[in-house]
Amino acid sequence: AQSVTQLGSHVSVSEGALVLLRCNYSSSVPPYLFWYVQYPNQGLQLLLKYTSAATLVKGINGFEAEFKKSETSFHLTKPSAHMSDAAEYFCAVSDPNTGTASKLTFGTGTRLQVTL
Amino acid sequence: DTAVSQTPKYLVTQMGNDKSIKCEQNLGHDTMYWYKQDSKKFLKIMFSYNNKELIINETVPNRFSPKSPDKAHLNLHINSLELGDSAVYFCASSQSTSYGLQQYFGPGTRLTVL
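Order-wise, the sequence lines are chains A and B. Numbering-wise (the working numbering), the first sequence opens with residue 185 and increments by one. Numbering-wise (the working numbering), the second sequence opens with residue 113 and increments by one.
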């Protein structure tokens with residue numbers, strides 16, 4: 185069964201520092217991959233998604249992620265953190281071969297803290 | 113205009129009660145979902161409907177019964193509420209069931225069972 189693993193439930197960076205949030209997937213074939221962000225007391229918002237086009241995907245708010253098949257990874261990065269980036273980040277996978285429509289399987293989430 | 117809305121935002125109730133959560137989307141989407149987010153922020157899909165037809169039904173107690181009166185609405189009724197049902201419930205929608213489509217989430221309903 186498809187799954188995603190997010191390494192690090194809590195990441196803390198200084199404002200202006202590089203943000204790196206890790207996501208590894210397990211799937212027999214390259215799946216569709218997503219990063220969602222959840223701000224406090226809000227629903228989830230799509231940051232970016234990989235759907236087998238370019239391996240480097242650019243999203244909103246300056247975030248990007250690179251799909252690496254050899255490493256089964258889809259890590260999220262941002263060159264310079266801003267205080268407003270503090271939120272919970274979820275990696276999610278949709279496996280075209282499960283036959284279960286557009287089902288998303290989420291990772292356990294990473295809380296990003298940004299300090300001054 | 114809110115794309116996916118849920119009511120109520122907060123729900124506090126006693127064990128054993130029956131409650132409903134309503135969801136509406138004004139995006140013209142065909143597919144809607146219910147997710148449960150537990151206290152550790154873990155998100156898990158519960159149900160999905162496409163054009164009012166149930167297409168995803170995960171391992172959920174049969175005390176939970178979804179209902180889609182039309183494509184724009186998906187409600188969740190919970191019978192005989194238990195302490196373990198306390199969670200945030202999110203509704204979401206997507207244009208169709210095609211893979212790779214973005215899902216749009218509502219603001220969530222925080223259910224607390226006392």
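Calculated from the structure, these hints are not laboratory results. No residue lacks a Cβ here, since even glycine has one placed at the ideal position from N, Cα and C. Do not rely on the hints blindly, as some may be mistaken.
[Stated by the list, open to error] So, partial list: chain B residues that the calculated Cβ filter (under 10 Å) puts toward chain A:
| # | residue |
| --- | --- |
| 1 | Y147 |
| 2 | S151 |
| 3 | K156 |
| 4 | E170 |
| 5 | N174 |
| 6 | R175 |
| 7 | F176 |
| 8 | S177 |
| 9 | K179 |
| 10 | S180 |
| 11 | P181 |
| 12 | C203 |
| 13 | G212 |
| 14 | Q214 |
| 15 | G220 |
| 16 | T224 |
Contradicted hints - numbers only: 2, 5, 6, 7, 8, 9, 10, 11 and 16
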